[in-house]
Amino acid sequence: MDRKLVVSSSPHLKTTESVQSVMIDVLVALFPAALAGVIFFGAPALITMVLTTVSAMVAEAIILRQRNIFGDGSAAVAGLLLAMVLPPTVPWWLAVIGGVTAIVIGKQVFGGIGNNIFNPALVARAILMASWATHMTTWVRPVDLATAATPLALGQRAFSFTNLFVGAVPGCIGETSAFALILGAGWLFYKGHITWRIPGGFIGTVFIMGFLFGGYGGAMAMFSAGLFHVLAGGVMLGALFMATDMVTSPVTAKGQLIFGIGCGLLTMLIRIFGAFPEGVMFAILMMNALTPLIDNKTLPRKYGEVAK
Amino acid sequence: MQMSFKTFKGGVHPGDFKSATEKKPVVPAKPPAVAIIPLSQHIGAPCEPLVAVGDEVKMGQKVGDSKGFVSAPVHSSVSGKVIKIEMCNSALGRPVQAVYIENDFQDTWHEDVVPNPNWQQLEIDELKKLIREGGIVGMGGATFPTHVKVSPPPGQVIEYVLVNAAECEPYLTADHRAMLERPEDIIVGLQIVMKVVNAPKGMIGIEDNKPDAVEALKKAAANFPNIEVHALHTKYPQGAEKQLIKVFTNREVPSGGLPSMVGCVVQNPGTCIAIADMVRFGKPLIERNVTITGSGIMEPKNMLVRVGTPLEEVIEQCGGFKSNIRKMVLGGPMMGFSQPGPENQPVTKGTSGILCLTDQEVQLYDIRQCIKCAKCVDVCPVSIMPLFIGSSVEQGMYDKAEAYNAMDCIECGCCTYICPSRRPLVQWIRMSKGDIAARRAAAAAKK
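Heads up: the protein sequence lines correspond to chains A and B, in order. Heads up, the first sequence is in my numbering, so the first residue is 499 and it goes up one at a time. Heads up, the second sequence is in my numbering, so the first residue is 780 and it goes up one at a time.
The shape of chain B in the complex, shown without the other chains (with noise of 0.2 Å):
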């Protein structure tokens, strides 16, 4: 038995709810009637549409991509017709640009999309643009597009390719079903990620609540030296970056830089699974593993789902939402994005669960005063001051909450959770962080 690694300091014990789907293996979903696909589903530069209004499509064809290094391609899901180029909806509020693809549901694949029996001998910079071109993003929710996270500036060595596969967030369980439907793919797509960055070394974390898991990633890594799988501490965020990165490595990421700096490369198992689909056959990213669960819904399930499918569609395949749902969440509940409703937005790349949420579990609370507990001190896993940036903010004091080191904020939402007086600390964390860099951005501007 091996032992579990050390843990990191702080966090929470949140419960983790994932009884209702864990043990329900993934589902296809429908297809898309309509399929609406975002010009951007990542983090940086939107794409632009490659596609007019009445064009036919192919599946798996580009549709939008943009000339920005940080930013990558999007594709369609579906076979059919450009029908609008229009905005929807997405997970963070603001409307943005998307391809709506009528569906032919003839499922014809572009004639881009072709394998490469002879994946293994392909060369570095061939297996980047392969991961470009795939539109293959972190699929753990931050969307960073992968090309990028696997191009580490020249001078930097790598060390470790580490798979986050704790799964830290309450009710999801996507990436569980994942790690024991396709174990394989995973160690595949780890390898490849290897290659690029020329790492001697893959770690797979996964936490000790899913012990089935770190037995089919074991049984899948067993025949490759170069590849270790650890139950860790079963602890919110033990899937953040930085405090996987501690855990593995007893390494910190230098405050304000990325964990290439010290060595690291970290990838969703998802990600792994997207890339090596990509790699092997030419299938770019065009679907996911979308848990869909919590109280607010008839039948919680864990399902492939074609990214651009409405929302609507994919609560609908699950029985529709139960009559006292008071909330919709993209994402976990720890980090995710609550949404005002499930209209004219599809799944996207980043959309790891639909977690819907009843009275019973949605209070609204008055903010109370700080009784300087220090609950939130104990368990920030980055050791700021959520108590005192949250009260510099309330009285607008920014400086002071940077003084505090409010920049280094990985807004796990830990401080919130704890909280007895109830106060919002990590969204006031998030409002100074926006003021801080613009002012960082006014000083470096008048220099």
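Next up, chain A with everything else stripped away, as it sits in the complex (with noise of 0.2 Å):
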């Protein structure tokens, strides 16, 4: 009898997702929004994404010493965001460096996947932001790639809504489209990678904050500058993408809108009162920090838990 059977624990069924499966969602969650930005700004758009994206692989494969340079994919997932919040038009070496940081500061130092407790991609955005502010604060319009500065550096007269909605404004690569965001991000929903809560924590209270502080004379001036608030910048890129980065969010649902809450406040805390225009990335990378802190305050109640 050559009949071998496997012995196991139960359960003896498993979902067909895994780690890459859903990295090649977030993948392909981002594809929207990268297109928007290689349609407003053109070839440096589209080469500093692979920059990023390929530098961040590879030295990932260098690290774990891997043949498949793809991976579980969580290399391409960083490196695409990092593109995503650099200005479109940053030199080359500073997208190798950023793609390379991202993976070897980021996350590889602190273990690896699921190990590091700040979003890699903004570790690195942070770290290029330090060490070349220049680079990192040259914006472009869109199409013509004059140099311009961006919506929230301008104020709100600057662009029309529609504009900002649709991305037609300096800015980074990937956070200036709200609809591509939105479109891609709606897969992420679908797939059940994320839910409503970290994003509409971020995004409510940005709006609340901008409508109560943004505008001045009567409801309509501050119901646009709360809306004027959540479609400039980087709060859209931010709730929907890098806030719900899994490893360092929390898992429990009353963290997650906690979190969420708190990327809000912090980032309209620096756009309204800090030194710089804008704040989602510092938001996030403190409220990274806080996440280990959060999900062991906000543990659920066990079915039939018992007062004590």
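These are calculated hints, taken from the structure and not from any lab test. Hints may contain errors.
Taking lysine-lysine and the DSS-like style, the derived pairs with C-alpha atoms no more than 30 Å apart in a straight line are [as the list claims (entries may be wrong)]:
hint : chain 1 : residue 1 : chain 2 : residue 2
1    : A       : 800       : B       : 980
2    : B       : 1212      : A       : 752
3    : B       : 1179      : A       : 795
4    : A       : 795       : B       : 1212
5    : B       : 788       : A       : 502
6    : B       : 1101      : A       : 800
7    : A       : 512       : B       : 1226
8    : B       : 788       : A       : 795
9    : B       : 980       : A       : 512
10   : A       : 689       : B       : 797
11   : B       : 980       : A       : 689
12   : B       : 1179      : A       : 502
Take the two lone chains and join them into the complex the hints point to.
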């Protein structure tokens, strides 16, 4: 009898989902925003995306000594996400350093996938920002790529809401088009990889803060100030793709909502009272640091819990 | 149209895989040439043999019993001669003592097996005694002795008897067929249990992927105003005792407690039929419905199998294994036990299914790092933290596992099913339970 039976612990059925399939779903979800970036900012945007993604994948493959350069796909996600938060015209070497930094400093020094405290793409961006601030704050207009200031620097009247929604404004490669970001995030919702809690808490808080502190002179002005803060800058990208990073955000339902609200609050505190026009990156990084604490303080009430 | 009941928190949709057998009526399996009657087929104290090698035994004769309260006697499913008392294999992997009875194929009933024509007049204590003497245990797979379940501690008032007919385990259809073929007997069994525990209301819950079973039981229960039949949302583990109670009564069994504490007793439809058979006809639990299925078996079937029939004989009657079989599971795919082989092991009171899986379904995975996707937290029906318990156990920190409520795990396996990193979460939780229980016992001994 050559029959060989496997003996293992139940359950004997498994989902077909894997880390790799989740990462591929994230890449698919990023595609509309990446495409919008290329449409608005042309070849420089495409080159930057390719450089960060490939350098991140190569760095990961070398560190893990894996033949398959794609691996579980998480390096590609980190690399592409980094490109999304870079200005389109950064020099090629900056993109490469960024991709490598995301993997080495952002992820592998902590022990690799699942162990990092901070979002790797944002760690890399923070380091690039501190090191080459000029390159990191040189913005260009869509299409003609002439140097320009961002909506957040110029204020609310510089661009129409339509342009803000579609993404035809100066900004990072992947952050300008709210439309493309929502489209892509829809895929992640559909696949069950993200819930409404983090983006809802984040975007809702930004809107309310913008409504309360951003505009003066009537409900309409306050409403458009709230909307402006949601659509301008990196809030949509941050709320839908950065703050929802599985590894660095809370796992409890309540924790996710608190995390989202915290991101929104910090973003707006920096925007309104801080030295920088934009605060999404620092807000998410700070909330990343609080994630383990939030999780442990928001453990759900278990079934049949008896009051002590 | 009755509205679907509200559902419970969490759970997964693994796909039901029931089409291979759900339309196939239950056929009687051939009686075994040698019946292997394990002396422990239940949770609780194992039985002592009541017969010796060489004894003649009859069908329905008690061949093992125990003085322990949490225990159930075992009976011969054939008439014939005891040829040996030796160890046989069990679903849990631990060998158990068993009485081997050579079948004379006369099916001579034992003289104790007598019908109770006046069964409706029997007193509660007489009914409880019959349930115990019939060796009746929970037939969903947990095999908890039924007479214990229907004897709640004094002071606890039982309001509801729930029949757990969800059959939420994929692949299995044995209960489904029982509901279609013997709905009246399920109602009789339910009424007996309601009488024993003095419950005013009985409720039957069936997943809405079995509309024909819902119909059949509604028809059978039509004349009983105190029995309700409800379609439940199809979601695993809809048939978990605690989840069923929550769905029907919106009550939660207190952590570490029993259903009777919230006024509920839960029974499986197969158990109801066994109770009805014992109380009316004096027939102890010596046969049960078994679903033999999966892509690794030649002819999937639902069979009425005598307890003690060697697994090999049952499999042979289904055309045998396919050549690419890789796993044989007793029970369903979510909570069943995989076996090294069918040899020297019988169908027992708890064998709801024999599931044969092939190369395509049995994949071995590398365990990867947790990416904290929180899917296990979202699907956990008891709201514990499988990912944190898993990583604590991985690092040997069992006290942390306890803090994340490992002891409340119902071991449904949803977390392991859903995990994209292929982490054996429920296995780790089971490991921690043993350690935590041992440490609690040691701490209690110190005091």
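Results of checking the hints against the structure:
1. A:800 x B:980: Given that 30 Å is the threshold and the Cα spacing comes to 28 Å, the pair holds.
2. B:1212 x A:752: holds, 27 Å
3. B:1179 x A:795: holds, 15 Å
4. A:795 x B:1212: Status holds; Cα separation ~24 Å.
5. B:788 x A:502: Violated: residue 788 of chain B and residue 502 of chain A sit about 39 Å apart, past 30 Å.
6. B:1101 x A:800: violated, 44 Å
7. A:512 x B:1226: violated, 44 Å
8. B:788 x A:795: holds, 21 Å
9. B:980 x A:512: violated, 38 Å
10. A:689 x B:797: holds, 25 Å
11. B:980 x A:689: violated, 42 Å
12. B:1179 x A:502: The given pair, whose Cα atoms are some 38 Å apart, is violated under the 30 Å limit.
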